[in-house]
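Chains L, C, F and R are the protein sequences, given in the same order. Per my numbering, the very first residue in the first sequence carries number 176; after that it's consecutive. Per my numbering, the very first residue in the second sequence carries number 176; after that it's consecutive. Per my numbering, the very first residue in the third sequence carries number 22; after that it's consecutive. Per my numbering, the very first residue in the fourth sequence carries number 22; after that it's consecutive.
Simulated from the structure, these hints should not be mistaken for laboratory data. Incorrect hints may have been included.
Calculated pairs, DMTMM-like style, for lysine to aspartate or glutamate (alpha carbon to alpha carbon, straight line, at most 25 angstroms) [what the hints assert, rightly or not]:
#	chain 1	residue 1	chain 2	residue 2
1	R	Lys32	L	Glu229
2	C	Lys202	L	Glu186
3	L	Lys222	C	Asp251
4	C	Lys202	L	Asp282
5	C	Lys295	F	Glu95
6	F	Lys86	C	Glu293
7	L	Lys185	C	Glu195
8	L	Lys202	C	Glu186
9	C	Lys202	L	Glu263
10	F	Lys32	C	Glu227
11	C	Lys222	L	Asp282
12	C	Lys219	L	Asp282
13	L	Lys202	C	Glu192
14	R	Lys86	L	Glu293
15	L	Lys185	C	Glu191
16	C	Lys202	L	Asp216
17	F	Lys40	C	Glu236
Here are some, though not all, of the chain L residues that point toward chain C, as calculated from beta-carbon distances under 10 angstroms [to be verified]:
#	residue
18	Glu191
19	Lys198
20	Ser201
21	Ala206
22	Val207
23	Phe210
24	Asp216
25	Ser218
26	Gly233
27	Ile266
28	Cys287
29	Thr292
Think of the CB as a built atom: it goes at the ideal place given N, C-alpha and C, for glycine as much as any other residue.
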Amino acid sequence: MTNTLVRIQKEPFSVEETIEAVKSVSKGIGAVVTFLGCGRDFSKGQKITGLEFEHYPGMAEAKLADIRSRALADFDIIEMGIVHRIGEIAIGEEIVLIAVASAHRNDAFMACEWAITELKRVTPIWKRETTTKGEVWVSDTP
Amino acid sequence: MTNTLVRIQKEPFSVEETIEAVKSVSKGIGAVVTFLGCGRDFSKGQKITGLEFEHYPGMAEAKLADIRSRALADFDIIEMGIVHRIGEIAIGEEIVLIAVASAHRNDAFMACEWAITELKRVTPIWKRETTTKGEVWVSDTP
Amino acid sequence: MITVRFFAMLKGLAGIEMKEYDLGGMKEIKLSGLKEMIVKDLPGLSEALTGRSILISINQEFAGKDAVVKDNDEVGFLPPFSGG
Amino acid sequence: MITVRFFAMLKGLAGIEMKEYDLGGMKEIKLSGLKEMIVKDLPGLSEALTGRSILISINQEFAGKDAVVKDNDEVGFLPPFSGG
Chain L
176 MTNTLVRIQK EPFSVEETIE AVKSVSKGIG AVVTFLGCGR DFSKGQKITG
226 LEFEHYPGMA EAKLADIRSR ALADFDIIEM GIVHRIGEIA IGEEIVLIAV
276 ASAHRNDAFM ACEWAITELK RVTPIWKRET TTKGEVWVSD TP
Chain C
176 MTNTLVRIQK EPFSVEETIE AVKSVSKGIG AVVTFLGCGR DFSKGQKITG
226 LEFEHYPGMA EAKLADIRSR ALADFDIIEM GIVHRIGEIA IGEEIVLIAV
276 ASAHRNDAFM ACEWAITELK RVTPIWKRET TTKGEVWVSD TP
Chain F
22 MITVRFFAML KGLAGIEMKE YDLGGMKEIK LSGLKEMIVK DLPGLSEALT
72 GRSILISINQ EFAGKDAVVK DNDEVGFLPP FSGG
Chain R
22 MITVRFFAML KGLAGIEMKE YDLGGMKEIK LSGLKEMIVK DLPGLSEALT
72 GRSILISINQ EFAGKDAVVK DNDEVGFLPP FSGG
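Could you put together the complete structure from these sequences and hints?
Structure, rendered in structure tokens:
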């Protein structure tokens with residue numbers, strides 16, 4: 176279960192499949208809240224033409240699995256899926272998806288917001304932006 | 176635009192298509208937050224075997240369009256899509272989807288939570304649950 | 022003629038979805054007066070329409086309880102919503 | 022041997038992704054001592070490794086700055102994350 180619900184991969188992912196995966200866990204699910212992060216064409220006044228993500232293999236996957244476990248323990252939710260892409264990503268493409276299923280919507284909203292904030296805080300993944308001035312490793316996340 | 180982004184329909188809808196619709200509006204979109212409401216098999220201790228939704232044609236669509244307009248005016252978001260199904264809906268099937276695109280995730284989370292709360296408050300749509308004791312119009316929303 | 026529409030549980034209590042009421046020459050009527058006409062005509066609605074939980078729309082916009090209904094208006098009686 | 026891994030901008034400053042350091046018979050070394058060895062070996066990392074923004078992992082778990090590294094451990098030098 177954890178293998179398919181928490182993944183880091185190069186390939187694009189299907190939002191619908193991930194939602195189905197968390198939704199199919201129980202017929203008591205009344206709400207699925209998802210956060211989808213995409214590559215923007217502008218950042219801090221700089222035009223972005225491309226993105227690349229690098230991760231610490233093993234550790235990054237473990238941190239995502241840990242976020243899911245802690246969310247299931249600390250929030251009143253039924254399931255959580257997390258997918259993050261690595262490698263080159265074009266502007267407009269999807270980077271990360273968090274899908275949270277719960278009986279009631281408040282819990283799913285809270286857990287989803289918490290999870291994306293926590294992901295940015297503890298997961299060893301790094302973004303390199305290609306701008307008109309060259310390539311830059313991004314060292315602070317909003 | 177509003178015609179496709181705000182809809183009430185009998186047919187199942189595609190989450191992915193709706194996300195694509197709001198995401199394709201701008202390359203400055205960095206976050207898409209979605210809320211998907213599904214039919215649960217249990218409500219207030221009662222086993223639910225089926226659901227049916229009725230709406231006030233014209234007024235319900237206008238209220239949803241109004242929610243989108245107010246959200247675009249009041250939150251720092253780029254686009255919002257709202258789809259609500261009517262007619263018979265099986266347990267586990269999707270009922271409503273709200274997809275919100277923004278540059279930064281906080282705005283999308285806030286607008287999405289506001290929109291589903293507002294939808295429940297002002298949109299003339301009614302749910303009838305089929306339980307083991309018969310059919311009941313639901314008259315209070317959580 | 023005023024078109025009156027009933028939804029959800031009110032439809033069941035009224036036994037119909039829609040009914041037209043003739044103002045008998047009047048150009049307008051207060052909502053309270055219209056409610057009286059309806060309850061006289063459809064007694065099954067008596068309790069529901071006097072309760073506080075029913076919202077009313079005139080021409081598909083929410084109306085206050087002191088609103089006035091004009092000839093050709095469409096009035097909706099709306100039980101508490103349960104969409105979403 | 023201790024395996025040291027560099028990521029993102031540190032990879033560029035180090036000129037390599039991974040390097041093994043021999044403890045020369047010692048069973049363990051403080052992180053501060055390991056850092057000194059690395060900076061002597063790869064001077065390009067000097068400024069970055071003495072700054073406060075680099076996190077360190079031992080065997081893929083975050084480590085405090087007073088942690089001790091044992092033979093065969095894997096140590097990661099992690100610039101501020103920017104995933105999500």
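How the hints compare with the structure:
{"no.": "1", "hint": "R:Lys32 to L:Glu229", "in the structure": "11 angstroms, holds"}
{"no.": "2", "hint": "C:Lys202 to L:Glu186", "in the structure": "20 angstroms, holds"}
{"no.": "3", "hint": "L:Lys222 to C:Asp251", "in the structure": "21 angstroms, holds"}
{"no.": "4", "hint": "C:Lys202 to L:Asp282", "in the structure": "30 angstroms, violated"}
{"no.": "5", "hint": "C:Lys295 to F:Glu95", "in the structure": "23 angstroms, holds"}
{"no.": "6", "hint": "F:Lys86 to C:Glu293", "in the structure": "22 angstroms, holds"}
{"no.": "7", "hint": "L:Lys185 to C:Glu195", "in the structure": "20 angstroms, holds"}
{"no.": "8", "hint": "L:Lys202 to C:Glu186", "in the structure": "20 angstroms, holds"}
{"no.": "9", "hint": "C:Lys202 to L:Glu263", "in the structure": "17 angstroms, holds"}
{"no.": "10", "hint": "F:Lys32 to C:Glu227", "in the structure": "15 angstroms, holds"}
{"no.": "11", "hint": "C:Lys222 to L:Asp282", "in the structure": "22 angstroms, holds"}
{"no.": "12", "hint": "C:Lys219 to L:Asp282", "in the structure": "17 angstroms, holds"}
{"no.": "13", "hint": "L:Lys202 to C:Glu192", "in the structure": "24 angstroms, holds"}
{"no.": "14", "hint": "R:Lys86 to L:Glu293", "in the structure": "22 angstroms, holds"}
{"no.": "15", "hint": "L:Lys185 to C:Glu191", "in the structure": "20 angstroms, holds"}
{"no.": "16", "hint": "C:Lys202 to L:Asp216", "in the structure": "6 angstroms, holds"}
{"no.": "17", "hint": "F:Lys40 to C:Glu236", "in the structure": "23 angstroms, holds"}
{"no.": "18", "hint": "Glu191", "in the structure": "4 angstroms, holds"}
{"no.": "19", "hint": "Lys198", "in the structure": "6 angstroms, holds"}
{"no.": "20", "hint": "Ser201", "in the structure": "9 angstroms, holds"}
{"no.": "21", "hint": "Ala206", "in the structure": "6 angstroms, holds"}
{"no.": "22", "hint": "Val207", "in the structure": "4 angstroms, holds"}
{"no.": "23", "hint": "Phe210", "in the structure": "6 angstroms, holds"}
{"no.": "24", "hint": "Asp216", "in the structure": "4 angstroms, holds"}
{"no.": "25", "hint": "Ser218", "in the structure": "9 angstroms, holds"}
{"no.": "26", "hint": "Gly233", "in the structure": "27 angstroms, violated"}
{"no.": "27", "hint": "Ile266", "in the structure": "6 angstroms, holds"}
{"no.": "28", "hint": "Cys287", "in the structure": "8 angstroms, holds"}
{"no.": "29", "hint": "Thr292", "in the structure": "9 angstroms, holds"}
Going through the hint list in order, the structure does not satisfy hints 4, 26.
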